[in-house]
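Chemist: Based on the provided sequences and hints, a complete structural model is requested.
There are 4 protein chains.
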Amino acid sequence: MSFKRRLFETLEKGQGDDTLSRRFDIFIMTMILLNVAAVILETVDSIHDGYPEVFNYFEYLSVFVFTLEYIGRVWTCTYIEKYRHPFWGRIRFILSFMAIVDLLAIMPFYLPLLFSIDGRVLRILRLFRIVRIFKMGRYSTAFNMIVRVVTKRREELLVTLTIVFVMLILASSLMYYVENEAQPEVFRNIPETMWWGVATLTTVGYGDVYPITGLGKLLGAFIAILGVGIFALPAGIIASGFEFEISQRIREKERKEIEEREKN
Amino acid sequence: MSFKRRLFETLEKGQGDDTLSRRFDIFIMTMILLNVAAVILETVDSIHDGYPEVFNYFEYLSVFVFTLEYIGRVWTCTYIEKYRHPFWGRIRFILSFMAIVDLLAIMPFYLPLLFSIDGRVLRILRLFRIVRIFKMGRYSTAFNMIVRVVTKRREELLVTLTIVFVMLILASSLMYYVENEAQPEVFRNIPETMWWGVATLTTVGYGDVYPITGLGKLLGAFIAILGVGIFALPAGIIASGFEFEISQRIREKERKEIEEREKN
Amino acid sequence: MSFKRRLFETLEKGQGDDTLSRRFDIFIMTMILLNVAAVILETVDSIHDGYPEVFNYFEYLSVFVFTLEYIGRVWTCTYIEKYRHPFWGRIRFILSFMAIVDLLAIMPFYLPLLFSIDGRVLRILRLFRIVRIFKMGRYSTAFNMIVRVVTKRREELLVTLTIVFVMLILASSLMYYVENEAQPEVFRNIPETMWWGVATLTTVGYGDVYPITGLGKLLGAFIAILGVGIFALPAGIIASGFEFEISQRIREKERKEIEEREKN
Amino acid sequence: MSFKRRLFETLEKGQGDDTLSRRFDIFIMTMILLNVAAVILETVDSIHDGYPEVFNYFEYLSVFVFTLEYIGRVWTCTYIEKYRHPFWGRIRFILSFMAIVDLLAIMPFYLPLLFSIDGRVLRILRLFRIVRIFKMGRYSTAFNMIVRVVTKRREELLVTLTIVFVMLILASSLMYYVENEAQPEVFRNIPETMWWGVATLTTVGYGDVYPITGLGKLLGAFIAILGVGIFALPAGIIASGFEFEISQRIREKERKEIEEREKN
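Protein chains in written order, with my numbering: chain A, 8 to 271; chain B, 8 to 271; chain C, 8 to 271; chain D, 8 to 271.
The reader is advised that the hints may include incorrect statements.
A pair counts as met if it fits within one copy or between any two copies, since identical chains are not told apart.
[To be verified] Subject to a maximum C-alpha distance of 30 Å in a straight line, what follows is the list of computed BS3-like cross-link-like pairs (lysine-lysine): (1) K260 / K270; (2) K260 / K20; (3) K270 / K159; (4) K20 / K270; (5) K159 / K263; (6) K11 / K89; (7) K159 / K20; (8) K260 / K159; (9) K159 / K89; (10) K89 / K20; (11) K263 / K20.
If you're looking for bench data, these hints aren't it; they were derived computationally from the structure. Note that the coordinates shown come from a computational prediction; the quantities given were computed from them, not determined experimentally.
Modeler: Have a look at this one:
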């Protein structure tokens, strides 16, 4: 087998008895998780200031690995039927979602080398490395499931989210009119009242904004009782879509097991 | 085709290959969405004070369009079997829900021209323009669905809402008795204690009102554990009604697709 | 028909074409709702102080009506197979749940006439009139349904409530140990920490009690993520029990309609 | 029957007509519940200081009973097929989950006798007695059910918990960047921002941390509307797993009843 072919199979998600490919998957997965941990922990001053070089060296190593991985993927993608053409296939591969994620994952390192970037933007760039978490999408069932659920149920999600927004707009407009006079600072305008609307209708209820007039409380009570059910709709769509995916996976597993037993 | 007929078909929701009618739908839909945005943004002083004429001119334009639309609909409604009669049919059309919404949507503009109205009422009238959002009902699946769910499940909703209110009354009466002495200002009477009841049983929990005595906390804990399930009932009815509508729509689509395939 | 028989049928829930009985049901139902409203509004000083005699006279009228109703029911209960025996049947009727509710509904009026009662207890007694809401149980589908759901699912509710309490005890014990040192006043002992536990696990989250140490927040986060699902179990049992009752009622209705159609 | 055999059957969960064994179960169950109550109430100073000896003597009695129970179980476990071997069987029994719980339940008493332990650790040890609640696992359906549900659905729980954590990390990273400048003390770093994330996405919403900038509120609103559905997924998995267990138990009961009827 050519080196290019071997590299391709190693980079692809490992299957069956390809030990090298599976070890590589575990290595990349570990790198991703460590990177996510690094981005999170770096924001804790006491941790970052204690070991600044550790974070720097780990970043160099990560970018090195992820860059090699990216180049390797672009080089070998021609083995995939869809991206077979040496030039146009590669262009299309580069524009695929996962390849863009791979590129975005290493960008925050290379950009400051290419352009002069001021401190504030640099900070955003460092934080932007959190995008590396999406590289997990290649390996994680969880990512694939949520993508499939959202794709399959996208129409229903759109319908329910429309209802949610109409509900939010109506509730906030009414509450704005009722409470604005009593609390002009808090219910200052409809967009700010929407903050109350979201906090109430999702039942988060921080307690930074709430009606204080009698009419406002009455309205707020009705909105809460009726609206909470409306706001639970998208959650319900996602949950039932998920349950469906899971039950299908279980059935597929069982089918496979039966088939294997019948073979033997 | 007569002008009246052409106008009727343009105003009606566009179907199939009637490009003009579909473009008109998109135009009206855009007008509605912009109007909702305008009502919301107008309440933000910094935005309103920056471009007061923009809001005014847009309002003139909107009322002009919506008025022509309303007149057109009343004129051409006789093409609908139900409203065939030139006089009584039109009266019945004017009293239909969507026509009332159309009228309410332009009313806030015409009323101050007809009657002398003081400033406070004027402000309510301006805000009342939010009712234009219901004009979306002609085009939006989301609106139709929620109406159908509430209509179909109205009996169950009534039953569960009764339970919710009984629960609320009992919980608030008990809590009023237990906490009134310790916090006479907050748990001043049963209606005010209901504000606590709604905040607790919907799990919003703003934190402006909560029991502080030992007995009050014990009672509050029991009410929360047992009552949250009761308050989730109407939400559950709406959610399951919704799921049913959606699954039916999917099945209908599939049936149509199969029929079309069988034709070919 | 004897007067006693006629009275019995009037007191019983009206069926079919017994206009008198159905009018009586509506009358009693209205009395109950007005009584509940009176108990609630009486606690609002501005309303009570404005019309103190109205509340008093309405109370006299209500007790008069409910007393006559109670006497009537005890007198005529012998028409019911179960309570046929003139003496023992009546005793058993008096000890039935709905008869006890009927008695408790008028008790708060008669007790102070029989015994000398000090002011504090009098106040409890007045509030106790809220029990009249349970008299609705005879007429309301909602009441019957909730009773049937709780009865049928009582075993599952017990199992899930056990889990809820174990979860609450474990979460509160752990949190007490972790936070007690940092907030000795708030997390003073395990029972008081349970107030935090209930507020968190039901997701009410008033915000009067929350962990402030790093370890406490970590523990609180894990408890919230894992525990919310556990606390949703009893609600889920009630909701699914309810859905089942409702779907059965709909099926029964449809069966009746089909049977009637087949008759014709 | 030998004493050892009789003891074994008494310690095992009582079945059918073994009155002694069933009485013993009730006795142990009562001891466990009283112990849990004791641990909880001991932390209330006013109760503990009132009857310090009662708590001490009850602890002596409990440890005595639980120690005898533990010795008895280890001695007689050889009657169980799995632990038949006099030495290795017993070792394996001692390492089984319930036996470890039994040992942990009495440890807090014996450790201070064997080792010199300072006051702080002693306090933890006292609280550790709450582990005795898990001894209920032998008798309680609730415990067995939750264990079975978590075991059966462990894969789905893992998938959804992964999604929950990714969602939490992304939401908190974004919010940290947006709000850190305006509230450097509250949104100090990503781990601390996760406390906001958990409070929001579980809808607990204590109100100790919330965004105050316009952009932060906009982001918070989107996260709340979209994220609440994601965070409800593990709860949904547990609930549906539970419902399945319960419906299976009911079906099994019905099958048994039918079988018994058919026998007669």
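Chemist: Against this structure, judge whether each hint is valid.
Modeler: Cross-check of the supplied hints:
1. In this assembly of identical chains, the alpha carbons of K260 and K270 lie at most 30 Å apart only when taken from the same copy (15 Å versus 37 Å across copies).
2. For the identical chains of this complex, K260 and K20 are intra-copy neighbours only, at 19 Å inside a copy versus 36 Å across copies, given an alpha-carbon limit of 30 Å.
3. Proximity of K270 to K159 under the C-alpha cut-off of 30 Å is restricted to the inter-copy arrangement: shortest distance 27 Å between copies versus 34 Å within a copy.
4. Proximity of K20 and K270 under a CA criterion of 30 Å is satisfied intra-copy only: 27 Å inside one chain copy versus 43 Å between copies.
5. Taking the shortest Cα distances, K159 and K263 sit within 30 Å of each other both inside one copy (24 Å) and across copies (19 Å).
6. Taking the shortest Cα distances, K11 and K89 sit within 30 Å of each other inside one copy (17 Å), while across copies they are farther apart (54 Å).
7. Proximity of K159 to K20 under the C-alpha cut-off of 30 Å is found in both arrangements, the shortest distances being 24 Å within a copy and 27 Å between copies.
8. Within a single copy, K260 and K159 get their C-alpha atoms as close as 21 Å, and across copies as close as 14 Å, so both meet the 30 Å cut-off.
9. Taking CA atoms no more than 30 Å apart as the test, K159 paired with K89 passes inside one copy only; the shortest distance there is 23 Å, against 39 Å between copies.
10. For a Cα distance limit of 30 Å, the shortest separation of K89 from K20 inside one copy, 17 Å, qualifies, whereas the shortest one across copies, 41 Å, does not.
11. For the identical chains of this complex, K263 and K20 are intra-copy neighbours only, at 20 Å inside a copy versus 39 Å across copies, given an alpha-carbon limit of 30 Å.
The structure fails none of the hints (numbered hints given earlier).
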